[in-house]
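Each chain, letter by letter, is given below.
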Amino acid sequence: MFKKLHLKLTFTNALILICFLFMFSYSIVGISSMALDRTSENSLRQRSLQLISLSKSLDSFELVVIDDRNSRVDGNILGNVMDIHHVIWNNNKKLSTLNIVDGELINVLFDKALNTFKNKDEQFKIIKANGLSYRMYSQYYELPSGRGGVIQIFQSREVDNYILNQLFVVIMIIGSVSIGILIFISSYLAKKSLEPVRLSYERQKEFIADASHELRTPLTIMRTNLDLLSMKENETIIENKKWFDNIYSETETMAKLVHNLLTLAQVDNNQVNTRSEIVDLSVLTQKTCDKLVLMASEKDISFKSIIADNVMVKGDVNRLEQLIVILIDNAIKYTTTGGEILVSLMTTPEKAYLSVKDNGVGISNEDREKIFERFYRVDKVRSREQGGVGLGLNIAKWIIADHKGTIEIKSKLGKGSEFIVGLNKKNR
Amino acid sequence: MKVLFVEDEKKVTDALQELCKIQNIECDIANDGQEGLIYAQSSIYDVIVLDIMLPFKSGIEILKEIRSEGNNTSVLLLTAKDSLDDIVKGLDAGADDYLVKPFASKELFARLRALGRRLEKEYVEGLITIGNVEFDLINYNIRIDGEPIKVTYKEALLLEMLIKRPEQVFTREQILDRVWGFDSEVNENNIEIYVHNLRKKLKNTNLRIDTVRSVGYTLRVS
Numbered sequence: 001m002f003k004k005l006h007l008k009l010t011f012t013n014a015l016i017l018i019c020f021l022f023m024f025s026y027s028i029v030g031i032s033s034m035a036l037d038r039t040s041e042n043s044l045r046q047r048s049l050q051l052i053s054l055s056k057s058l059d060s061f062e063l064v065v066i067d068d069r070n071s072r073v074d075g076n077i078l079g080n081v082m083d084i085h086h087v088i089w090n091n092n093k094k095l096s097t098l099n100i101v102d103g104e105l106i107n108v109l110f111d112k113a114l115n116t117f118k119n120k121d122e123q124f125k126i127i128k129a130n131g132l133s134y135r136m137y138s139q140y141y142e143l144p145s146g147r148g149g150v151i152q153i154f155q156s157r158e159v160d161n162y163i164l165n166q167l168f169v170v171i172m173i174i175g176s177v178s179i180g181i182l183i184f185i186s187s188y189l190a191k192k193s194l195e196p197v198r199l200s201y202e203r204q205k206e207f208i209a210d211a212s213h214e215l216r217t218p219l220t221i222m223r224t225n226l227d228l229l230s231m232k233e234n235e236t237i238i239e240n241k242k243w244f245d246n247i248y249s250e251t252e253t254m255a256k257l258v259h260n261l262l263t264l265a266q267v268d269n270n271q272v273n274t275r276s277e278i279v280d281l282s283v284l285t286q287k288t289c290d291k292l293v294l295m296a297s298e299k300d301i302s303f304k305s306i307i308a309d310n311v312m313v314k315g316d317v318n319r320l321e322q323l324i325v326i327l328i329d330n331a332i333k334y335t336t337t338g339g340e341i342l343v344s345l346m347t348t349p350e351k352a353y354l355s356v357k358d359n360g361v362g363i364s365n366e367d368r369e370k371i372f373e374r375f376y377r378v379d380k381v382r383s384r385e386q387g388g389v390g391l392g393l394n395i396a397k398w399i400i401a402d403h404k405g406t407i408e409i410k411s412k413l414g415k416g417s418e419f420i421v422g423l424n425k426k427n428r
Numbered sequence: 001m002k003v004l005f006v007e008d009e010k011k012v013t014d015a016l017q018e019l020c021k022i023q024n025i026e027c028d029i030a031n032d033g034q035e036g037l038i039y040a041q042s043s044i045y046d047v048i049v050l051d052i053m054l055p056f057k058s059g060i061e062i063l064k065e066i067r068s069e070g071n072n073t074s075v076l077l078l079t080a081k082d083s084l085d086d087i088v089k090g091l092d093a094g095a096d097d098y099l100v101k102p103f104a105s106k107e108l109f110a111r112l113r114a115l116g117r118r119l120e121k122e123y124v125e126g127l128i129t130i131g132n133v134e135f136d137l138i139n140y141n142i143r144i145d146g147e148p149i150k151v152t153y154k155e156a157l158l159l160e161m162l163i164k165r166p167e168q169v170f171t172r173e174q175i176l177d178r179v180w181g182f183d184s185e186v187n188e189n190n191i192e193i194y195v196h197n198l199r200k201k202l203k204n205t206n207l208r209i210d211t212v213r214s215v216g217y218t219l220r221v222s
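As you go down the protein sequences, you meet chains D and U in turn. full-length UniProt numbering puts the first residue of the first sequence at 1, with every later residue one more than the last. full-length UniProt numbering puts the first residue of the second sequence at 1, with every later residue one more than the last.
A few of these clues could be false.
Claimed, not checked - Lysine-lysine pairs mimicking DSBU-like chemistry, simulated, CA-CA at most 30 Å apart: (1) Lys191(D) - Lys203(U); (2) Lys205(D) - Lys203(U); (3) Lys241(D) - Lys21(U); (4) Lys106(U) - Lys232(D); (5) Lys150(U) - Lys203(U); (6) Lys106(U) - Lys412(D); (7) Lys241(D) - Lys89(U).
It is worth saying that the hints were derived from the structure and are not from the lab.
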């Protein structure tokens with residue numbers, strides 16, 4: 001899925017860049033063309049004014065102009081494409097002065113001259129003759145004697161076209177190379193920008209798969225046990241207590257799992273409303289210990305608590321209680337019969353430290369990094385037997401982060417573990 | 001029918017064991033991958049039911065291992081992993097069937113019976129005929145070219161397990177377990193004597209008992 005998305009993103013970027021290159025190239029060529037036109041038009045007009053001034057001073061349309069830019073050309077083609085040429089039509093619409101001999105071009109010029117005679121104005125035109133393109137300036141003027149004529153100044157556009165074509169080619173080559181590099185960069189950036197999305201998607205997929213797996217396990221137990229009970233319809237409930245107990249305990253596991261999954265789903269969607277109030281952590285810890293001491297005594301675990309008085313923190317009382325329950329519940333699960341659990345609450349001027357210490361199975365260094373991951377269980381069988389669903393510590397981690405607290409684990413495999421939570425104190 | 005369940009969820013295996021008892025199916029239970037592999041290698045089962053996510057060794061690893069040893073016992077993967085990729089991976093690893101949890105026990109046992117019948121399908125009314133050898137599974141009479149040959153009960157049991165699954169490699173533990181029972185005091189040398197005797201009796205047939213070095217024996221049809 002992400003490979004396709006990456007390709008799509010790169011392709012779209014490339015398409016945008018190519019469109020941009022064409023627009024840029026045409027703009028540059030267009031601007032250059034306009035600049036060349038303006039320069040050329042100015043030259044043509046200047047040249048025209050010079051010749052008109054000469055013609056007026058001589059009071060004649062017959063001019064002999066000796067100019068290296070206007071050398072007379074014999075033949076059908078221009079001697080130099082850079083040259084500026086001229087023709088002057090007298091009041092009888094006959095050619096009086098010219099520095100070219102090109103029949104087709106003169107015919108075209110004559111047509112344009114007729115227009116100028118008619119409108120008695122000036123005009124710039126692009127004309128074509130013999131497959132060549134020219135920019136032409138045509139102007140009507142009158143001699144002191146009152147006779148009116150038309151002067152036409154023109155210049156080949158081939159050089160301009162050649163320059164513009166070359167400019168376009170250069171821009172396209174440089175642009176294409178740049179686009180190639182940009183596509184490569186774009187592909188890299190697309191991949192890079194998709195990476196967090198991909199990781200988040202993978203995590204979500206993994207979470208759904210894990211959640212589905214965890215939900216299927218209690219369902220399987222319930223279903224197989226129910227199937228079995230349906231085959232023992234002539235037996236009493238007492239005779240089948242084991243199967244009923246299995247089903248009952250699995251409904252509890254499922255309820256816990258669903259509750260935890262909903263909490264985590266809310267956490268992921270930032271939908272959890274945590275209250276911020278002054279909480280007496282001493283009272284809360286004592287109250288929670290009192291609730292859980294029975295659970296420990298059922299496993300014959302010695303449960304002790306040393307709790308400092310009046311330790312106040314700012315936070316959500318329900319979430320903090322949930323945190324203490326998770327830590328003590330875990331300690332009970334992973335402490336064998338006859339073991340010991342010590343819950344202590346200590347303070348420094350700034351911090352409150354809640355510690356839950358046991359002499360249970362302990363955690364290996366390798367597992368220590370992973371125990372906060374969702375559905376990670378060091379000992380899957382033991383955890384399930386104890387009703388664990390593998391989400392408690394992940395929720396605990398979130399509660400601690402939400403209260404801007406810290407957590408530290410001290411543990412030795414086979415010797416026991418200690419979870420120390422640090423919270424900011426709120427002095428009354 | 002004898003079934004091995006390799007499943008780490010004790011509450012499931014307890015119920016399955018009880019269900020097997022009701023349906024007169026002999027079963028063994030292994031609660032982790034390592035134990036499951038040992039069971040699969042040392043006994044003969046009609047079907048092996050494997051969970052995939054198991055402690056110590058995954059169901060797929062067990063499956064690959066027993067297949068690489070030439071064990072072609074029918075295997076059903078019974079797992080909570082339900083994605084298409086998982087199913088394809090499981091079947092490609094050599095599983096014969098795949099059932100996703102939670103399952104209906106009726107369906108599971110119907111599938112087990114179907115897998116068990118695959119072998120029996122090849123026998124017409126309890127009679128296996130390969131080339132010029134006929135094996136009567138009901139009263140253990142063996143005929144070569146229509147002529148009955150004399151075999152002891154243990155030899156017949158040994159030949160039965162080999163002839164039911166030609167080309168499958170049986171370990172010495174499996175043979176001991178099937179022919180003499182797991183608590184018998186007979187040692188592996190006895191197997192060699194019985195194999196030697198059977199080889200002599202099958203001399204003029206297209207059946208051949210081959211020794212697979214450091215593993216066990218297999219029956220090949222030429």
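A quick look at each hint next to the structure:
1. Lys191(D) - Lys203(U): violated, 69 Å
2. Lys205(D) - Lys203(U): Violated, at about 61 Å.
3. Lys241(D) - Lys21(U): holds, 18 Å
4. Lys106(U) - Lys232(D): holds, 14 Å
5. Lys150(U) - Lys203(U): Holds. Lysine 150(U) to lysine 203(U) sits at ~14 Å (cutoff 30 Å).
6. Lys106(U) - Lys412(D): violated, 47 Å
7. Lys241(D) - Lys89(U): Not OK: lysine 241(D) and lysine 89(U) at ~39 Å, beyond 30 Å, violated.
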